[in-house]
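**Student:** What follows is each chain in one-letter form.
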Amino acid sequence: MSFVWTIAEQHNGKLRDVSFELLARGRKLADKLDTKLASVLIGDKVSEQSMQQLIQRGADEVYSIQDPRLENFICESYAKVLTTLIKTYKPSIVLAAATSSGRTLMPYLAIKVNAGLTADCTELDIEEGTGNLLQTRPAIGGNIMATIKTPDHRPQMATVRPKSSRPLAEDKTRAGKIIAVPVTADMLDGRVKVLGYRKDVTDFVNVEEADIVIAGGKGLKKGDNFIIIRKLADSFKGVVGASREAVDRGWIGYPHQIGLSGKTISPKLYIGVGISGSIQHLAGIKTSEIIVSINSDPDASLHKVADFGIVGDAFQILPEIQRRMDKRNGGAK
Amino acid sequence: MKIIVPIKQVPETSNVKMDPETGTVIRAGVETVVNPLDLYALETALVLKERFGGTVTVLSMGPPQAVKALKEAVAMGCDEAVLVSDRKFGGSDTWATSYTLAQSIKKIGGYDLIIAGERATDGDTSQVGPGIASWLDLPVATYVAKIESAEDKAIVVERLVEDGYQILSLPLPCLLTVVKEIAAPRLPTLDGKIRARQMQIPVFSTENMELDAAALGLKGSPTKVVKIDTPKVTRGGTVVKAGDDESIVTAVNELMTFLEAKGIL
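One line per chain: the protein sequences are U and R, in this order.
Each residue of the first sequence is one higher than the one before, starting from 0 at the first, in numbering that gives the first Met the number 0.
Each residue of the second sequence is one higher than the one before, starting from 0 at the first, in numbering that gives the first Met the number 0.
Hint data in this document are derived by calculation from the structure and do not stem from the laboratory.
Just so we're clear, the structure is a prediction, and the values are computed from it rather than from any experiment.
Hints are all accurate, no fakes.
With a Cα cut of at most 20 Å, we get these calculated SDA-like pairs of lysine to any residue: (1) U/K31 / U/L133; (2) U/K192 / R/A144; (3) R/K218 / U/T146; (4) R/K226 / U/T129; (5) U/K44 / U/V182; (6) U/K192 / R/K145; (7) R/K240 / U/P297; (8) R/K261 / U/D306; (9) U/K236 / R/F257; (10) R/K87 / R/V202; (11) U/K192 / R/E150; (12) R/K152 / U/R190; (13) R/K261 / U/R165; (14) U/K303 / R/R234; (15) R/K106 / R/G53; (16) R/K145 / U/G195; (17) R/K240 / U/Q321; (18) U/K236 / R/D162; (19) U/K89 / U/I178; (20) U/K303 / R/F257; (21) R/K240 / U/R323; (22) U/K13 / R/D162; (23) U/K262 / R/A144; (24) R/K261 / U/N328; (25) R/K145 / R/P184; (26) R/K223 / U/H152; (27) U/K326 / U/R229; (28) U/K192 / R/D136; (29) U/K31 / U/N131; (30) R/K145 / U/G249; (31) R/K218 / U/R153; (32) U/K148 / R/K218.
Examples of chain U residues lying across from chain R (beta carbon under 8 Å, computed): (33) E75; (34) T98; (35) T103; (36) K111; (37) I139; (38) A145; (39) L194; (40) R197.
Each residue gets a CB set at the ideal place from its N, CA and C atoms; glycine is no exception.
Turn these sequences into a full structure, and let the hints steer you where they fit.
**Tutor:** Put into structure tokens, the structure is as follows:
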């Protein structure tokens, strides 16, 4: 019986939310195929409790590969581990998150195991009759949705856009098997060394994994005005995004950039402030659950794709929203 | 240092228009450009060449018209260019594309570094760069935002990841994909344009390359496109006007009610 696999992601031994989002996707596919769902967890000293979490969120089995040399993501080693596992267990489907590591590991791995791979899927389903995986992804800047299958190669591999699905609720009664896979020398590739991590705390953000993103554009007129966006984003427990125009003007750092030459996001709520909505920017936000646009130009393209738009002066509207949020959050400021 | 930069010719995205009748992309008359994200790869390669000496070879797989993209890269300062073109390569997915490009890079040979753009703005997969590295069994670093140091045998880079920057040391030869943050691309020079115009660009094809015929083009591609849909462009949302104080309060009221109804607040 060939299982459905998801590749769990951890950082410093802690599971990332995308690991659970993938399990929600995988559970649905495994149920349709009447097979089991397994999660592969590569890292170092990840707790038994974390592995149980994977089971409580949908996995039937967890393959645990733990070694100090696998603590950090190194594409070549992770690919070797997975090549060994895939050759041993022959899964029919392997899903990973479309993150910086997933989008590096999966194309590297797909070549090694001679498999087809579809990038950044927003929908996955099983084809009636054949049992093939149907992989749907936005292409050409989100202007089309392409559905892709891999009829003759196994496993069928896909990366899934973060936040494009919600994790299943935790079910403490679920039981599953944890299989510790011993690490052998042929699974390690010593060529690349991780020297460390650098985090610019003052101006760093993970827009891809945020539930709420408030983005500013050219209409903010100057970089200092991002303070207004930052404050509002804090009240919403969200993060700050930006259009290319704002980043190119040096108003805010590149990690904030959303769109074709930046990040693609699927948050629950996106609010665009003073963003006209170029095709490139829209490509990055189209799969957001709710789009709100605030722009003084009634003809701004962003208004046309918005679920809710306000035509007006952002510098008057944002303080009003801020007042409501302050009230809600209980702090009269 | 010998650097190879694979680039792609793409439709200029600001010109992508949808046919409202058929819901398809209008391709006729659309300008093509060098994939904007490849310009950062070209700039990174040219900066390294200026610092350490050596050559930059630009490579593109595509129809004969892709020569235009190659000439633009030469005009920016690349020393050599190769077009990888054959009808048999048509319809390649990322697996077949990375195979064909990897074989082309083997044929060029003698390289220290391959630098690619993060992804192409049309296909938007980010898969071909790591795919080439895998075929050539080279170490890879993706989303590189900074090159810390480059020596004879190793390169130290910072790659942009979810929680900051991961600092990696890679032995040469290796493959990097770079993001916009790494450099501001230069413009073509007049001298460069003249050189590009005069340059005869060699064509790699099934005639002069070692290729497994079963791994080429549409037939050799594991993934098959079964359906293309056009998502609804408009969401039919509410747009309210807010001019004076009163209408601002009303508009924000409506927004807050809307967000509450959607379960956001």
